[in-house]
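Peer 1: Sequence:
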Amino acid sequence: MDPQTRSLFMDEHAAAGAARYGVRPEELTFVGGFQNFIYSYVRDEMKYILRFTPSTLRTPEGLAAELEWIRFLSRHGMALSVPILSVHGQSVERIQGITVDFYATAFTYAPGRRIGYPECLDNGMLYEQCGRMTGRLHALAKRYEPTAKRHTWEHNEYILKAGKYIPEEHRPVLDALDELRGVLGRLPVTADTYGLIHGDINVGNFMVDELGGITLFDFDECQYSWYAEDIAIQLYYLLYVFGEDSKSERKAQYELFMKHFEHGYTEEGRQLPEGWREQLGLFLRLREIIVFVGMHRSWDLRQPDDWTRDFLRDSRMRITAGLSLIDDC
Numbered sequence: 001m002d003p004q005t006r007s008l009f010m011d012e013h014a015a016a017g018a019a020r021y022g023v024r025p026e027e028l029t030f031v032g033g034f035q036n037f038i039y040s041y042v043r044d045e046m047k048y049i050l051r052f053t054p055s056t057l058r059t060p061e062g063l064a065a066e067l068e069w070i071r072f073l074s075r076h077g078m079a080l081s082v083p084i085l086s087v088h089g090q091s092v093e094r095i096q097g098i099t100v101d102f103y104a105t106a107f108t109y110a111p112g113r114r115i116g117y118p119e120c121l122d123n124g125m126l127y128e129q130c131g132r133m134t135g136r137l138h139a140l141a142k143r144y145e146p147t148a149k150r151h152t153w154e155h156n157e158y159i160l161k162a163g164k165y166i167p168e169e170h171r172p173v174l175d176a177l178d179e180l181r182g183v184l185g186r187l188p189v190t191a192d193t194y195g196l197i198h199g200d201i202n203v204g205n206f207m208v209d210e211l212g213g214i215t216l217f218d219f220d221e222c223q224y225s226w227y228a229e230d231i232a233i234q235l236y237y238l239l240y241v242f243g244e245d246s247k248s249e250r251k252a253q254y255e256l257f258m259k260h261f262e263h264g265y266t267e268e269g270r271q272l273p274e275g276w277r278e279q280l281g282l283f284l285r286l287r288e289i290i291v292f293v294g295m296h297r298s299w300d301l302r303q304p305d306d307w308t309r310d311f312l313r314d315s316r317m318r319i320t321a322g323l324s325l326i327d328d329c
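If you count the sequence shown from 1, position 144 lands on 144 in the working numbering, and the numbers rise without skipping.
Keep in mind that the hints were calculated from the coordinates and are not lab data. All figures in this text were calculated on a predicted structure; none of them were measured in a lab. Take these hints with a grain of salt, some might be off.
[As the list claims (entries may be wrong)] In silico BS3-like cross-links for lysine-lysine, where the CA-CA straight-line distance does not exceed 30 Å:
| id | residue 1 | residue 2 |
| --- | --- | --- |
| 1 | K149 | K164 |
| 2 | K149 | K161 |
| 3 | K247 | K142 |
| 4 | K259 | K247 |
Based on the provided sequences and hints, a complete structural model is requested.
Peer 2: In C-alpha cells, the structure reads:
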C-alpha cells in the first residue's frame, strides 16, 4: 500500500468497521497486510479476519465479484476462508473517510499453520498439494458463470500505475513492461487457457493442516487471466529467494516443483492448459515486474538491507534483459 493511503486509515475507521460486525475495537488484533488493513478477532471461540480495503484500490462491484467467486468455490468443495455477513446482513460495509473510504469485509480464519521459508522448499508433497488445489480451482473456473465481473489482467493496479510508483531512473523497467504487455496481449484466449484465477497463490496465502490439506485465502488479486499465470506466481515465490550465485539450487527447485505440481494438477483426468510451459517464462517476467513495482510502492528503499539491495539489482537486470528466473534452468 502506498504511504499516502496508509496514513489515511485511522483507529476510528477500524472501530467503525468492527462495530458493523459486532466486534469491540479492543477485540481486534492487527495482523498486517500489503494492500489492505487486516485484523483478526475471536467470537464464540471461533477466529475471524476483518479486512479493510481502500476505495482507491477496489470498487464495491469488484469486491462483490470476489466474494461471489469465493462462495462458488466453497460450495463446490474447495477449502477456503469464506466471507461472513455483517450484523446488518451485508457482505461489504462501507466506512466513510475524509478523502478515501474503506470497505470492510470479514472471513472465517483458515485452520492449520503457515509453511514459510525454508520449510516450503524441497517439499514435493506441498508442491503436489498446490497442483491439486490449483487444478481444482481452474476446473471450477471453467464452469463458473458470475453475476458480477472482476477486472482483467491488464487492469491490475501494479500494471496500470507502474509509472506512478517507479522512479524515472528505472524507466527501462517500464519499457520492458510495455513490451511484455504487447506480447501477452497476443496470447490465445480460449475457455481452456483463460478464466478467473486466484492471482496470488503463495505460501503466505494458505494454511496447511496436519494431513497436508490446504486452505486457501486472500482472493483480493483474483482477476481474469491465463491459467498459466496462477502457476507461474507459485513458482516465482519459490525461486526468487535464490540469488544469482545460487542458480543450481534454483534449477533443482524448479524441476522438483514442476514434477510434483503437474502430478497433483492432472489428478482426476484434469488437463493442464495448452501452452502453459511455454508461457511460464512470460508470466514469471510479469510477476517479477509486479514485485519490483510493489516494493517501490510500499517500501522505504532509501537504505535497503543487503538482500533487498541485491534482489533489486538482479531483478532489474533480468527485467531489462527480458529474462525470467527459469531461462537458465
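Peer 1: Take the hints in turn and mark each one as holding or not.
Peer 2: Do the hints match the structure? See the list:
Using a Cα cut-off of 30 Å, the hinted pair K149 and K164 holds, with the two alpha carbons roughly 26 Å apart. Annotation: proposed proximity of K149 to K161 holds, straight-line Cα distance about 21 Å (limit 30 Å). Between K247 and K142, the direct Cα distance comes to roughly 36 Å. Violation of the 30 Å bound is thereby established for this hinted pair. At roughly 18 Å between alpha-carbon atoms, K259 and K247 fall within 30 Å of each other, so this suggested pair holds.
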